[in-house]
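Novice: Chain by chain, the residues:
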Amino acid sequence: MDRRGFLTNMIQLSAAAVATAGVASAFAIENKDKPLTLRPPGALEEDDFLKTCIRCGLCVDACKNRDNIFKEDGKKVITLKLAAPGDNVPLGTPYFEARTGPCYMCEEMPCLYACPTGALTPNECKNDKGKVAIDYAKMGVAVIDPSSCIAYWGLQCTACYRACPEMDKAITIDWKQNKRTGKHAYRIPIVHEDACTGCGMCEEACVTEKAAIKIFPREVALGKAGDRYVKGWDKKDQQRVKNASTNTKTVTPVSAENPLQNLNEGVSWQ
Amino acid sequence: MSKYKYLILRRLTQFTILFLYFGANVWGWKILAGNLSFSLLFNKIPLADPYAVFQMVFAGAVISTDLIIGTLIILLFYAIIGGRAYCSWVCPVNLVTDLASFVRRITNHQKDNLINVVKFRKFRYGFLVAMLLASIFVGAAAYEFINPIGVFTRAVAFSVGFGWMWLVIIFIFDAFVLKNGWCGHICPVGAMYSLIGSKSLIKVKHDKEACTNCGECLNVCPENQVLTPVIGKKSDFIKGIECTNCGRCIEVCNDNALKFSIRSFIKGEKNEENSNT
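These protein sequence lines are chains A and B, in that order.
The first sequence: position 27 = 27 (the working numbering), numbered continuously.
Remember, the working numbering sits 1000 above the position in the second sequence when you count from 1.
Read the hints as simulated data drawn from the structure, not as lab findings.
Only true hints are included.
Derived lysine-lysine pairs resembling DSS-like cross-links, with alpha carbons at most 25 angstroms apart: (1) A:K131 with A:K236; (2) A:K71 with B:K1030; (3) B:K1259 with B:K1203; (4) A:K210 with A:K75; (5) B:K1030 with A:K75; (6) A:K249 with A:K224; (7) B:K1234 with B:K1208; (8) B:K1259 with B:K1239; (9) A:K76 with B:K1030.
Using the sequences and the accompanying hints, generate a full structural model.
Specialist: Okay, here's the thing in structure tokens:
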């Protein structure tokens, strides 16, 4: 092949490679963006997790062959799964579905320690004092839909409260008078995000046809008050905004002009 | 029987590896756990797919010690001993593409391709680089989102989902569009192992004196561009880096003109006799 032919061939092949890689990347980016995926305990933040996870499935092997296997109707309840095509989860990465297979929060955390890449790491499973335990996992947070939660209707339930491994910390029961009957009480479950590990035992236990309490990744479910609002009565919360910038200014079309102008010219006297 | 010695051995290793992964998941065996992106051998020795790890580096991941050790073990093994043996002795997608070649052979459609075969052979190297660079933009190992090797091993060891569709697509492509289309033209993992194993010790050696130019080897070889410069022309090792060391050419040769051999690293001795198989 002459030099011209060689160069043409090189350019053609590179163009084909770039085009194919473009299509593959488009699929990868689309497939990567699944914000509702629940990860095993100790997972890095989703973006870093997807970079670091090599999709080997050792966590899934460890989960499936752990000591405290739970059986329902004689069948093993499977928690961690490795995403296959069609699961609507980034391909090959570990995840669990709380309604059908919640995390049973093994004390030894076999899945976490099976990870060879550090995508699951004890650092993400620590409390403020640096103690590592499954109780400090942040797999997600439970969210209640009051319109379908029968406790909010006034019926007696507390299934989620009793199923919760962090009972009285992650879910507490709030007693309120039921004014409709005048003689009964509402027993309302309240989720506390700081203690909730996102294990999903509540979602699995929920008695309604479609769970009224569901686990969502913390990134999705939790809001953020930001520096503008502070609990004035809470010393700890004040620490949070200690370094907040005071140099904030909101500019609107009206405030951008001189205020006097608005006073004098804003009104027509005819 | 000796006509299929290597073929049977290859199928045996391929199925054994898949079965060990399956056993690791279902019965908790500790012999070989994980899958072909990363495995733990005997619950101790890490093994990592170099291409997956390189993509992770490009994506900006922090690479753990286990991954580095695992990558080095695999790199050293294939660089020194195996050559591109991964593709024919380990990779399960090889089962699908070999089936497609088999269908082409028995139906006599060996040469009916939609695409220019010779020019397209180098595509995989461009694709290999492109997917590494794409990992930067995707922010994760980009090829692992479509890698059929991962899909196949996970389908066997973990759950299938629509994984079988990947394999059907590859079969259709290989059987009806382009002969050896996937493994011989596109797959960047194979391209990676070609580069890694280019200087390996075990290579196929050709003996010109015994060769009768029957062409059986060229007919059966999935990468026959590595054979054409040597067969019937000179007594030498098959040096084309894309040779997968599958040994099919050795088996089909009726003249004993091909065999596995250890090649010498010392310059000048290249053409001397030093076979020992």
